[in-house]
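Chain A is fixed; fit chain B onto it per the hints.
Chains as they are written, first to last, in the numbering used here: chain A, 1 to 114; chain B, 1001 to 1235.
Treat each hint with caution, since some may be false.
Unchecked claim - Covered stretches of chain A, going by a simulated chain B footprint (3 or more residues, C-beta under 8 angstroms):
#, region
1, 21-30
2, 66-74
3, 81-91
The set of hints was computed from the structure by calculation and includes no laboratory data. Here a beta-carbon is modelled for each residue, glycine too, at the ideal position from N, C-alpha and C.
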Amino acid sequence: MQPLLTPVQIVLTVVAVAIGAMATRFPPFFLFPEGKKPPQVVTYLGNVLPPVMMGLLVVYCLKEVPIVAFPHGLPELISIAFIVLIHLWRKNVLLSIGCGTALYMFLVQAVFVV
Amino acid sequence: MEITKRHKFRHALAAAFPHTLPVLAGFLVLGIAYGMLMLEKGYGPQWSVLMSAVAFCGSMQFVAITLLSTAFQPFEALVLSLLVNARHLFYGLSMLDKYKGFGKVKGFLIYTLCDETFSIVSSVNPPEDVEPKYFYLSISLLDYLYWVFGTLLGGLLGGLMPFDMKGLDFALTALFVVLFIEQMKKKGNWILGLIGIACALISRFVFGAGNMVLPALIIILITLLAGRKNLCNLC
Chain A
1 MQPLLTPVQI VLTVVAVAIG AMATRFPPFF LFPEGKKPPQ VVTYLGNVLP
51 PVMMGLLVVY CLKEVPIVAF PHGLPELISI AFIVLIHLWR KNVLLSIGCG
101 TALYMFLVQA VFVV
Chain B
1001 MEITKRHKFR HALAAAFPHT LPVLAGFLVL GIAYGMLMLE KGYGPQWSVL
1051 MSAVAFCGSM QFVAITLLST AFQPFEALVL SLLVNARHLF YGLSMLDKYK
1101 GFGKVKGFLI YTLCDETFSI VSSVNPPEDV EPKYFYLSIS LLDYLYWVFG
1151 TLLGGLLGGL MPFDMKGLDF ALTALFVVLF IEQMKKKGNW ILGLIGIACA
1201 LISRFVFGAG NMVLPALIII LITLLAGRKN LCNLC
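Just chain A, same shape as in the assembly (with noise of 0.2 angstroms):
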């Protein structure tokens, strides 16, 4: 199969989504830049946004996981409940995360299967 585009508006496409990309990474930086104290509000927000994007992440990460159709995020829910027991009775987060995915695999690919 043959591209769709041609090269210059391949290389345009990449172009555009990169500006976008880097419009929102490097604001911060220029907003704020290292010899002046920031405001207290943003110094706050940089605070308590870590715990609060984790939070955003996670459910980021589910979000096309059917609640509906089956397998109703059975192996989701099966997987994550499994890594929250597993680190919080081991704290070793390579482990957690190894025995978690290779659960998840194992039910996707041999319990649930669609």
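Frame of chain A; chain B shown alone:
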């Protein structure tokens, strides 16, 4: 690079590598999937790798496949990219202090600041004998290379996958879940984590999976600003 600098960087790379293993698994799988999808639409590895290396924004790159296979629409690409990537604005605010004084390296750290790098950097402290600058550079560089390399693999291999990788990309969800738990250990953070989950869930169900990012960020911002007095006391 001088000998000492190179030595320091190697030392930091070794310390950072284990933290990036889940990203290695996730980015390889998703990168391969991305390279394969692009190939299916006629875009060989030269194009998919170019996109991954220059734009480096996972979920937006998947959205852009649809754009690339319908018509030339650079303006839509730019606007969609702004919307899907808007969450990075918040990462930057959290990294202002951490990335302070890093000189030339800082540009690269900002350019490659993605979900995964943000999660690791905001949850893990560099070991005492490792220079923070090189530790953060190692995490960013490794994550970046995993994504580009995964894309290349997908573009080259096409449909020829050696084993069934279905579900391996769950490593990234697992990473976020575990780092979420790690964040919750800090006193007072549980309420912040709940705010994040609640705002994201509301946005997911009101605006749908495809449009959840921007509304979620706005609700989060309003909640954090409105609750500033109470939340300040907690942390």
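Hint check results:
1. With 9 residues bearing a CB less than 8 angstroms from a CB of chain B, the region 21-30 of chain A meets the requirement of three and the coverage assertion stands.
2. Coverage of the region 66-74 of chain A by chain B is violated in this model, with 0 residues showing a Cβ closer than 8 angstroms to a Cβ of that chain against a need of three.
3. Coverage of the region 81-91 of chain A by chain B holds [criterion: at least 3 residues with CB-CB distance below 8 angstroms; count 4].
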